[in-house]
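The chain contents come next:
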Amino acid sequence: MLSEADLRSRYKDRLPVLEQVRQDLAIETSEILAEVPHIDRISYRVKSVDRFVEKVRGKATNSVYNEPLREVEDQIAGRVLVLFRSDLAVVMDAICNEFTSVELRRKAPRTTEFGYESDHSIFVIPPQVMPSTWKNAPSAPATFELQVRTLFQHAWAEPQHDLGYKNAKNLSEDSERELAWAAASAWGADQALQRVAERLSLEPKIEPSSAT
Amino acid sequence: MAAACGSFRLRMRVCGLFSAPAVRLTRERSLVRPPHTHHLSSSHLCGFRLKPLTGTKRSKMFVGRWHGNLQHRASKLSTFACLFQYQPYSAEPMPPSTAAQTRRLYAFEVPPQRNVEKPLPPAGGLVQAATTVSVAIDESTESISVGKWIDADLQIDSASQDRSHVIRNLAIAIAFGSDADALSGAAQIAAHLSACTDARSKDSLLMIVVADDDKATEVKLWTFPQDSVFQFSPSRRLGKGPSVQATEAFSRGSHLRKAAVFRGQNRRTDFLSCRVVDFQVNASARAAADFWIERFLDARLSLGSALGTRILAKVLRETVGAAGNAEERLELVGAAQALRQSNREKWSIASVADELLREPARSNLLAHPVAKRNKDSLFSLDRDAFDKLINFRVYQLDTGVWVSAPFTDEPEGVEIEKVGDDRRLTATGLVVAETVRSRHA
Numbered sequence: 001m002l003s004e005a006d007l008r009s010r011y012k013d014r015l016p017v018l019e020q021v022r023q024d025l026a027i028e029t030s031e032i033l034a035e036v037p038h039i040d041r042i043s044y045r046v047k048s049v050d051r052f053v054e055k056v057r058g059k060a061t062n063s064v065y066n067e068p069l070r071e072v073e074d075q076i077a078g079r080v081l082v083l084f085r086s087d088l089a090v091v092m093d094a095i096c097n098e099f100t101s102v103e104l105r106r107k108a109p110r111t112t113e114f115g116y117e118s119d120h121s122i123f124v125i126p127p128q129v130m131p132s133t134w135k136n137a138p139s140a141p142a143t144f145e146l147q148v149r150t151l152f153q154h155a156w157a158e159p160q161h162d163l164g165y166k167n168a169k170n171l172s173e174d175s176e177r178e179l180a181w182a183a184a185s186a187w188g189a190d191q192a193l194q195r196v197a198e199r200l201s202l203e204p205k206i207e208p209s210s211a212t
Numbered sequence: 213m214a215a216a217c218g219s220f221r222l223r224m225r226v227c228g229l230f231s232a233p234a235v236r237l238t239r240e241r242s243l244v245r246p247p248h249t250h251h252l253s254s255s256h257l258c259g260f261r262l263k264p265l266t267g268t269k270r271s272k273m274f275v276g277r278w279h280g281n282l283q284h285r286a287s288k289l290s291t292f293a294c295l296f297q298y299q300p301y302s303a304e305p306m307p308p309s310t311a312a313q314t315r316r317l318y319a320f321e322v323p324p325q326r327n328v329e330k331p332l333p334p335a336g337g338l339v340q341a342a343t344t345v346s347v348a349i350d351e352s353t354e355s356i357s358v359g360k361w362i363d364a365d366l367q368i369d370s371a372s373q374d375r376s377h378v379i380r381n382l383a384i385a386i387a388f389g390s391d392a393d394a395l396s397g398a399a400q401i402a403a404h405l406s407a408c409t410d411a412r413s414k415d416s417l418l419m420i421v422v423a424d425d426d427k428a429t430e431v432k433l434w435t436f437p438q439d440s441v442f443q444f445s446p447s448r449r450l451g452k453g454p455s456v457q458a459t460e461a462f463s464r465g466s467h468l469r470k471a472a473v474f475r476g477q478n479r480r481t482d483f484l485s486c487r488v489v490d491f492q493v494n495a496s497a498r499a500a501a502d503f504w505i506e507r508f509l510d511a512r513l514s515l516g517s518a519l520g521t522r523i524l525a526k527v528l529r530e531t532v533g534a535a536g537n538a539e540e541r542l543e544l545v546g547a548a549q550a551l552r553q554s555n556r557e558k559w560s561i562a563s564v565a566d567e568l569l570r571e572p573a574r575s576n577l578l579a580h581p582v583a584k585r586n587k588d589s590l591f592s593l594d595r596d597a598f599d600k601l602i603n604f605r606v607y608q609l610d611t612g613v614w615v616s617a618p619f620t621d622e623p624e625g626v627e628i629e630k631v632g633d634d635r636r637l638t639a640t641g642l643v644v645a646e647t648v649r650s651r652h653a
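Chains as they are written, first to last, in our numbering: chain P, 1 to 212; chain W, 213 to 653.
Hints in this document: simulated from the structure, not taken from any laboratory.
Hints may contain errors.
[Unchecked claim] Selected chain P positions facing chain W (Cβ under 7 Å, derived; list incomplete):
id, residue
1, N97
2, L104
3, P126
All figures in this text were calculated on a predicted structure; none of them were measured in a lab.
All C-beta atoms, glycine included, are put in the ideal place defined by N, C-alpha and C.
Modelling step: build the complete structure from the supplied sequences, incorporating the hints.
Here's what the structure looks like:
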């Protein structure tokens, strides 16, 4: 097991290459989704050195990672935000047609609760974006993470991550309840938008000229 | 299945025959069916002139054999003429430290049993004296040029917790499992290959090599097809004259040989992809084209069809835009036309450059920054998408003239004006080339 200093140093050395792969994946994801409607934004990020070390060290006691430089799969992670819930599957299908998925998980709370919702997936880094120095290198990452969410799922998840996820032990009952209420509101807003979109798609289109 | 496999003893030889280099697998005891070997005595060869020639590798093998010092001569000759004799279960010292050391080697004779109701388990098992055969396999691996290797991703069950996949699970068991698990895994891969192989095919030799270096473990799956060959034996010392056997052997040089190489360690991020050799990937028969990657490996090309098509179109468009002269532009346009009309499904940027372009268009296409990164990645060309992306417009005029204008919405020098309900096209420009064709572009 690498010492924290070694881990930090080796990951830091890797950042420029990760950055290049991040840019290439972002371009390719945009290409894949070029004709898919209702995409709000596509973004990719490289995990920061601190977050990487925190993730590895936080779980090291359970020996989750023998070779963290290889096994941490969100060193590069992307996110696609869509307008409607029905777009989630469309986007994921389009991406799965082009990138090879090895893991697909829909994160959702139990049916009697409201909380974090998102489609998480792990894909193989395609060879055309893989730097030549990484090919056949056993410690280079082979996979990346991609999340697909609606705007409202994201609107809840981001502040909740800052407020709740990091301070889970310090949250009062009232704070927990309020976060759950916000999650329920976000869920309700998604459902409402979806219903309106479905109704409009069924109704005959009204040309602006005939409406006046 | 493991018990059945364990009951076989294998003698393996890498031998020079009258065809391409071949690996011959002989069962000491056949539980499935007798070996397909026919012997011809020297009397059957009356009228044949077996004249030793000089100057070729093949003739050197003849000469070596005429002089009766076969193994000594063979060791000095090329791979073509080399001969390795294996004794069953004789321990052979591992070679001195090299990049990768063979740890396990399995061989199975795989009959085609697709859609067979009660398939027989393929005969074979662990090859004890593996070193020399693995050298021959390394030669087979190294003989494939870099551009011929195909990147493929296994179609993992993404809903499974452990990234389950039939070949991945077995390859990991063969590489990292106990001896019993590894043997069982190898036998299951052989059975799977047998179940995927169409009855029109001949038997094949499946060889599974596990080799370690200081960083990772490699699992190589090689399959060599059976071929009809002659084996010649001078037998002069017995005073009987030469004999020839018409026999079956597994050919190392066959165009039908295939490989898949996995590399990694026993962890969830590894053995998800492999490098593949499959010269039939563009075969016109779908069954042959899909056999190795899709049916046997349950994998797919790493570069998806839509993305690969977009990348190729982008590279072609931008290379045309940067072309130094009209001739080069025409060459690139011609390549785009050829792609649209070709029946071939799978392409890479390198194959487009090498097969459809001459210099300097070829080098300029490969020098495109996107092409540099992607040039060897094979993908299935989506012709409809390609047409849209390169924006290839073809106009047919009432005069019988065709005007084709690729890569642009508003082709330079082409004007289209509306005349009543019709459109009138006027094209002006310098003629830089003229060809006679039976059909328009």
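Here is how each hint holds up against the structure:
Evaluation of the N97 of chain P hint against chain W yields a held restraint, the C-beta minimum of about 6 Å falling below 7 Å. Because the closest C-beta pair between L104 of chain P and chain W is about 4 Å apart, less than 7 Å, the hint holds. A cut of 7 Å between beta carbons decides the hint on P126 of chain P: the least distance to chain W is about 5 Å, and the hint holds.
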